[in-house]
Amino acid sequence: MSLTAVVRTALCVAFLLVATAWPVRAADREALLTQPGVYGTFAAFQMDHDWWDLPGEARVIAVAEVKGLIEQFSRNVVIESYLLRGLSDHADFMFRVHAHALSDTQQFLTSLLGTRFGRHLVPTSYFHGLTRPGVYVPGFPEDIKQALQVPGDAGAKSYAIVIPIRKDAEWWGLDHASRGALMQEHTEAALPYSASVKRKLYHSSGLDDFDFITYFETDKLEDFQGLIRALEQVKEYRHDRRFGYPTLLGTIRPLDDVLELFAR
Amino acid sequence: MSLTAVVRTALCVAFLLVATAWPVRAADREALLTQPGVYGTFAAFQMDHDWWDLPGEARVIAVAEVKGLIEQFSRNVVIESYLLRGLSDHADFMFRVHAHALSDTQQFLTSLLGTRFGRHLVPTSYFHGLTRPGVYVPGFPEDIKQALQVPGDAGAKSYAIVIPIRKDAEWWGLDHASRGALMQEHTEAALPYSASVKRKLYHSSGLDDFDFITYFETDKLEDFQGLIRALEQVKEYRHDRRFGYPTLLGTIRPLDDVLELFAR
Amino acid sequence: MSLTAVVRTALCVAFLLVATAWPVRAADREALLTQPGVYGTFAAFQMDHDWWDLPGEARVIAVAEVKGLIEQFSRNVVIESYLLRGLSDHADFMFRVHAHALSDTQQFLTSLLGTRFGRHLVPTSYFHGLTRPGVYVPGFPEDIKQALQVPGDAGAKSYAIVIPIRKDAEWWGLDHASRGALMQEHTEAALPYSASVKRKLYHSSGLDDFDFITYFETDKLEDFQGLIRALEQVKEYRHDRRFGYPTLLGTIRPLDDVLELFAR
Amino acid sequence: MSLTAVVRTALCVAFLLVATAWPVRAADREALLTQPGVYGTFAAFQMDHDWWDLPGEARVIAVAEVKGLIEQFSRNVVIESYLLRGLSDHADFMFRVHAHALSDTQQFLTSLLGTRFGRHLVPTSYFHGLTRPGVYVPGFPEDIKQALQVPGDAGAKSYAIVIPIRKDAEWWGLDHASRGALMQEHTEAALPYSASVKRKLYHSSGLDDFDFITYFETDKLEDFQGLIRALEQVKEYRHDRRFGYPTLLGTIRPLDDVLELFAR
Amino acid sequence: MSLTAVVRTALCVAFLLVATAWPVRAADREALLTQPGVYGTFAAFQMDHDWWDLPGEARVIAVAEVKGLIEQFSRNVVIESYLLRGLSDHADFMFRVHAHALSDTQQFLTSLLGTRFGRHLVPTSYFHGLTRPGVYVPGFPEDIKQALQVPGDAGAKSYAIVIPIRKDAEWWGLDHASRGALMQEHTEAALPYSASVKRKLYHSSGLDDFDFITYFETDKLEDFQGLIRALEQVKEYRHDRRFGYPTLLGTIRPLDDVLELFAR
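Protein chains in written order, with full-length UniProt numbering: chain H, 1 to 264; chain D, 1 to 264; chain F, 1 to 264; chain W, 1 to 264; chain X, 1 to 264.
Read the hints as simulated data drawn from the structure, not as lab findings.
Please note that a few of the clues may not be correct.
Same chains, same label: a pair holds when it works inside one copy or across any pair of copies.
In silico BS3-like cross-links for lysine-lysine, where the CA-CA straight-line distance does not exceed 30 Å [stated by the list, open to error]: (1) Lys-67 <-> Lys-145; (2) Lys-198 <-> Lys-235; (3) Lys-167 <-> Lys-67; (4) Lys-200 <-> Lys-167; (5) Lys-235 <-> Lys-220; (6) Lys-67 <-> Lys-235; (7) Lys-235 <-> Lys-167; (8) Lys-198 <-> Lys-167; (9) Lys-67 <-> Lys-198; (10) Lys-167 <-> Lys-220.
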């Protein structure tokens, strides 16, 4: 890349940074992150080894291009970033993208992969899921319903874990009431951990090879492990034909932190 | 590539574009897409990283060569294009090819892979199937038969999903009537979604490692997920030894949109 | 490669073409293809992407070298070629090699891989099997035995399919008579397809990870699919621990057609 | 890399070696290696083939950079090194990292991967686990408890083996007492080997795709195999849905020995 | 590589060839190959495609370096070589290494991988096992014991096959007598093949992901297949959770034959 090209690109990126500074409004963001009917995509990537053969300047510019791109897309989709490097063996980082339509998510990820940065990325795992109103909660006793309303510990969490799940055919063959009873046992087992471990469920049947994508945030990995052990001990767990494979473990990080690793 | 070579290739491509402008006639196309006895191939590809090291001009010419090639083959086969990038993790795009003979499909795909564009493609999944008259429908009650005749929502759909299926040996060991009864339950569960989700079935036993390739088009992914969940709850699902692995999810796109990504 | 080297190689290849023109005699060839006690190897290959970076001349010479080599080896082994490209997703072409000893096959394939062409090949699947006299046929009723003698449709076939099979332990634990009864049911189910689908069985236990390699040739893929469906419906199919994975599908092609693809 | 850059890097590395010479204090180190509530990470790496294309000087400097880095991080985490090359087929070396927080481990591994050395590493397997007080031991008879207190053979061991384990759902569905009884049988079977084989258990549910990571050190591989055979014969083994896949086998080596291989 | 470097390396290799000419003494070699308590390692390798880009001289020197290395290590370990190329699809050659300690084997393989030749090798499968006195033989009737003493056909064999085996938990849960009875049936089924097929058993539990590595040598592959079929039909086979995957098939070849392939 000649120097003039570098300057041109830098200007172009600077323009993007100015021109696109209208992220999703706070209310929309809140809605995307909390309401049912929203699509969540977990996209994990690995950087190829050729990336590091680029000159430092080229990498800095390429990373700046990505930042501009993400700002631009933040009008339509909520993008959160996670550092998987050093904790997951086949991925360097992950985006969680929430959107009203998967086509918006696709547009973002396609644009990302089309950048000079993206051309070096290997997409290692994409999971998609839809948020839905609680399916079994309406049938739970009042005390459980109330316990589920108690907000968890405030403040940002450090760790995020993604575990995809596929249920066996027998599970789906059970009637709604039987599944509800099993889910009540599951929920009761999980309650002691609700303060320190935040959970979110995505329904993925048909969108990928799983039935559910379970997402966790915590500061206390020991509590998170306690939760998983508790969930392994209830009867519903016997219907998990696949649990993990892969489990993704990382830390929640601002985009700049994640991208900086590749600009150095 | 020297400039004269570029010009020569451009002229050659232009000639192709003129010379081959006889796509499948509308009636033939309709027949290929709707009648039994037609072979459908789902071919998903990933672009290698070296592609992006080619100069921009070379990529533009290579893409033009592919467009010409596809026009040329459109006399024999119907080719539809899908963008998987950003939604499926190991593929960038997919062609669905309908032909009276798989050797025609092979000729097209072999020619594609022999172009300068194709030399950078990694074929990630090929599924083949044959369309057949409904096997169990003739034994269904009249009301279901009639419901199956009602046309779905008009207009183009946005999303396409491909789910390959392998049945277990017990399924094939059932007598025709038993399988018919299970398929009737399956069909009844699916009916509520027939307006918003278009389905097409391909029989693949012996042509690849599956028994069926199921293909879906929809504008409403939420309805599509409702359909899959409904199908997971009928008894026939217990006979799916493999369902997905891989599930391919993408958007239906004109060829030019898909190819443009690689010319930029 | 300098021009003199090119000329030297071309002369050398020309010499090979002259010097080695003693293929297997017709009678030997017939014996290798029809008698028991012969080893059949199915070797599928994929061309790496670097091949296409070679100059056109170098590719033409490399392909000529392979043709010479195959002629040379045709004194000991029968080599047939198949185009898998465009029909199988992880292989470009396949050789079926029949020999009295697997060491002869190894010598051929090792020589092939040592050519300039072969250095770019990735061997994706090797299956080996031994032809044997019919194990259960002697116990079949006379009418089935006679039906098995009826020759299939004359003429060359277009398509070839290779399906490796692994039986479960229960199958091998059955006594000979029980297995014979199940194989009779299998054979009766297959008879209606014997005119249009040619079958050949190779015993592979111990030579690779399968028990049998089944090989099919047909002009009518629809009939072939009918045959596979019929075979899935007999009880013997319940003992197939693995059926396919991978299924190889291709077209039967003269060596020159296959190699020409890589010389262009 | 120019000569001045080489010198600058060498000085920089020398500075690191001086500036960071405060490893974990002996007491802290002991605590990290022996107490519950500590995170252990097993990170296995393979060197890519491009590494060997670097000039010898560049490799020496890159290795020195890694040594400095490890000294620097030794203030927070305990890092032990193992040579897997020649004994495990998909990895060259492994680090076992003990830390009070996985985020510290991530910081170390991310820094490692960001060095010139690390850019050539392929992380092949990461396992994470948490050390916990014995779950079933409190319920064991006194004589077993006492036998477990007997220290093993003194002195450094040569070999280390890592075997990840996933239990089936039935295991977790057993009540505590039943699991305790099975673990007592397991423990009794293992006792004869406790002198010559050192064992350590990490709980990994939720942190990766396993439930436990079992770690062994021994000088006598024959005894270690005797231990594994003994453990395969108790009833608890029937609940191991996965045992190994992969098993990692290597020798315990000082960091300098391991890194030296790549500097040569 | 400059010419002087070439000369220096050649001299160095020549020196090695002289200096290291003390292979394992005949008696030691015999002991390593026949006695219990010896470690056997099966290490299969694939050559990468870049190897062939080296100039012919560099390849010749690199191969000579390997020959010198193997002579040097022949003081401690017995190294046998096999050509897998053309018979196994993911490996080119294999070493079987017998040693009193796996650390000796590791030292050899690590040195091998550190040569210029080794830098291009991809280790595809390592299996390790320990030879042990017959576990069930002492309980067999006298006539079987005597039959097992009869020496097989004299002379070198052509083919070698390696089949790794993993038993299920039920097998290990049987008491010794039950396993002994099943192994007696297994042994009786194998006896008719003992003249033409040589077998050797390695115990691998804990050293890799298998329980046994079975090794076969034969001149008559047809007999070998008969043996495997006979073994598939005894009850003990039902306890093989994994049999093969991968099966390695090759020919027994002098080291020079194997290495020559890569020097050409």
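We went through each hint and held it up to the structure:
no.	hint	verdict
1	Lys-67 <-> Lys-145	neither (41 Å within a copy, 55 Å between copies)
2	Lys-198 <-> Lys-235	within (22 Å within a copy, 35 Å between copies)
3	Lys-167 <-> Lys-67	neither (38 Å within a copy, 43 Å between copies)
4	Lys-200 <-> Lys-167	both (17 Å within a copy, 25 Å between copies)
5	Lys-235 <-> Lys-220	within (26 Å within a copy, 34 Å between copies)
6	Lys-67 <-> Lys-235	neither (46 Å within a copy, 49 Å between copies)
7	Lys-235 <-> Lys-167	both (13 Å within a copy, 15 Å between copies)
8	Lys-198 <-> Lys-167	both (22 Å within a copy, 25 Å between copies)
9	Lys-67 <-> Lys-198	within (28 Å within a copy, 39 Å between copies)
10	Lys-167 <-> Lys-220	both (28 Å within a copy, 24 Å between copies)
When held up to the earlier numbered hints, the structure conflicts with 1, 3, 6 and fits the remainder.
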